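Visitor: Sequence order for the protein chains is A and B. Residue numbering for the first sequence follows my numbering, beginning at 1 and increasing consecutively. Residue numbering for the second sequence follows my numbering, beginning at 84 and increasing consecutively.
In case anyone wonders, no lab produced these hints; they're calculated from the structure. Please read these numbers as outputs of a predicted model, since none were measured by experiment. Built from N, CA and C at the ideal position, the CB exists for glycine as well. Among the clues, some could well be false.
[To be verified] Reference listing, derived: stretches of chain B covered by chain A, where coverage requires no fewer than 3 residues with Cβ under 8 Å from a Cβ of chain A:
1. 286-296
2. 308-321
3. 358-364
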Amino acid sequence: MRSPHVLWAVVPVVAFLSTPFLPFVNGPHLWLGIPSVLAWCLFWTAGTTVSLALVEHFVHHADEAEDGDDDRAARDAYEEVAA
Amino acid sequence: MNTTMAITLVGIVTIAVVGMTGRRPSRGEFGEWTVGKRKFSTFTTWFLQAGEAFTTFSFLGLAGIAFGGGVAAAFALCYLSINFTLQYFTTPRMRELGRMGGYLTQADYFTDRFRSPLLGKVVAVVGAVFLLPYLQLQITGLGLIVQLATGSRTGGNLSMVLATVLTVGFVLWSGIRGIARVAYLKDALMIVGLVVLIVGVALSVNGGIGGLFETVRDSNPSLLTLHQEGYDATFFVTAVIISGLGGGLGTLPHLWPPVLAAGSGRALRKNAVWLPLYQIALGIPVIVGFAGVLLVDKGSAPNAVALTLAGQTLPGWLVGVVAVAAASAAMVPSAAIVVGISSLLSRNLLSAGNERTQLRTNHLCVIGAASLALVLGLTRPGLLSDLLLLTYGGLTQLAPAIVMGLARKVRVDAVPVLLGILTGVGVLIWLTFGSVDVGTFDTGLIALILNVAVTAVAQLLTRSGSTAPVPAEAN
Numbered sequence: 001m002r003s004p005h006v007l008w009a010v011v012p013v014v015a016f017l018s019t020p021f022l023p024f025v026n027g028p029h030l031w032l033g034i035p036s037v038l039a040w041c042l043f044w045t046a047g048t049t050v051s052l053a054l055v056e057h058f059v060h061h062a063d064e065a066e067d068g069d070d071d072r073a074a075r076d077a078y079e080e081v082a083a
Numbered sequence: 084m085n086t087t088m089a090i091t092l093v094g095i096v097t098i099a100v101v102g103m104t105g106r107r108p109s110r111g112e113f114g115e116w117t118v119g120k121r122k123f124s125t126f127t128t129w130f131l132q133a134g135e136a137f138t139t140f141s142f143l144g145l146a147g148i149a150f151g152g153g154v155a156a157a158f159a160l161c162y163l164s165i166n167f168t169l170q171y172f173t174t175p176r177m178r179e180l181g182r183m184g185g186y187l188t189q190a191d192y193f194t195d196r197f198r199s200p201l202l203g204k205v206v207a208v209v210g211a212v213f214l215l216p217y218l219q220l221q222i223t224g225l226g227l228i229v230q231l232a233t234g235s236r237t238g239g240n241l242s243m244v245l246a247t248v249l250t251v252g253f254v255l256w257s258g259i260r261g262i263a264r265v266a267y268l269k270d271a272l273m274i275v276g277l278v279v280l281i282v283g284v285a286l287s288v289n290g291g292i293g294g295l296f297e298t299v300r301d302s303n304p305s306l307l308t309l310h311q312e313g314y315d316a317t318f319f320v321t322a323v324i325i326s327g328l329g330g331g332l333g334t335l336p337h338l339w340p341p342v343l344a345a346g347s348g349r350a351l352r353k354n355a356v357w358l359p360l361y362q363i364a365l366g367i368p369v370i371v372g373f374a375g376v377l378l379v380d381k382g383s384a385p386n387a388v389a390l391t392l393a394g395q396t397l398p399g400w401l402v403g404v405v406a407v408a409a410a411s412a413a414m415v416p417s418a419a420i421v422v423g424i425s426s427l428l429s430r431n432l433l434s435a436g437n438e439r440t441q442l443r444t445n446h447l448c449v450i451g452a453a454s455l456a457l458v459l460g461l462t463r464p465g466l467l468s469d470l471l472l473l474t475y476g477g478l479t480q481l482a483p484a485i486v487m488g489l490a491r492k493v494r495v496d497a498v499p500v501l502l503g504i505l506t507g508v509g510v511l512i513w514l515t516f517g518s519v520d521v522g523t524f525d526t527g528l529i530a531l532i533l534n535v536a537v538t539a540v541a542q543l544l545t546r547s548g549s550t551a552p553v554p555a556e557a558n
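Construct the entire structure; sequences and hints are all you get.
Guide: What follows is the structure, encoded as structure tokens:
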């Protein structure tokens, strides 16, 4: 898992840790009717899913072949029972 | 007995009955009880992993932090998302090693990767000792939930006993499959409970949710920032880092069985991708805590805010529904924690014979751990509270070793790892109970830094003092 696409996963982490240091976030502001800090954290919580989905899409995982074997084994077992 | 109490008790019994139905015919083997057949689907693994992220803390604690510290409560969203980011990369490898090495517990991992049964035993003791107060917290949290919902202290105590006995019952009967079955129900109840709460709050506050925050901004603007005493930038960043590392790197022993039981690494990765979205629901207790600022007496106990507010804004039967949801948020993690403690004790510390003997010893440990937590919860609820302060920080001291153990070749010896862990735990105890003023900096993080430093120095000394090759297992 050495693809540069792994870096997508770092983006939300940096966003979370920078929360207190961003004046436009860390202040008595309301975004869409809720506190800006809360809105920022909720946004990047959803952003974490997006970033990990990008990693999952672009990066090849070494265990995929093995997982495929597992899936095949499970499928074979199912077909055996169904037959 | 009022309607709320009746609904709550029926709900608790129903949760346990659902847990009982999870049992599968087995030959009484410890492995089947702990991790199933290591073939759990993405769906089942999802609920097991999500079930352990939503606890009584989600219902009571988060609303309490928002009540006292405003947006600082959002730190939970941050660290949970970081948990899942780290889990995306680490849990498939843990599962792979677990399958090859036949691990059933976190301590098995230490024993195998560092070739040291002694290290496994130390890790088992550290895990069991730090998890016990966490188990007690869930049980006393459940009692508090019922007490607040029904207004009856006796009802709260009765519910603690009932829920503990029933949880032990379904855990012994069904093992991890029972926990998985209850986790489905729990998550459905949690969503319903949270939606009911937020709707009740929105209807009770002048101007709805938007009006709530405008009023807080005008009357108490500091609650909308991280510039508060005790809840400043240092608190936020260090708490997020230590909690993010703790959950993301598998330092909590009770989080291992769901990972080891997963059917594939891909299932774990898929869950790590989508589970952060699920955490958005935690925004609701934070909003409820803010509503408490306007609607609940300032002197109220922070942990009581969510259910006090439910009592003020909802009819009795709906309060019962919220109480059942909150009770399920205590019972599922309790079940997982009790499995975590008992398996560490029976398999790694007592090392009782074959798998069947281990299962019998394990069942005794389940009963012992749950009974101890219940008795302490009823008679000395404050006794373990100091130890609870160490739970997260203490268990996070296992993180460096877990990371090093994930490598294909483990390049660190058991002794440096052991010294690092003991140093980290020792420094944490000193900082916590020695009245050392570190401001709002998380003590667990300071201990972790020293832990890594001691491990590194000890490893260098070990290497320079020995010409023998370092134990290196390529897996």
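Visitor: So, for every hint listed, does it hold in this structure?
Guide: Going through the hints against the structure:
1. 286-296: holds (count 3)
2. 308-321: Coverage by chain A holds for the segment 308-321 of chain B (7 residues, Cβ < 8 Å).
3. 358-364: holds (count 4)
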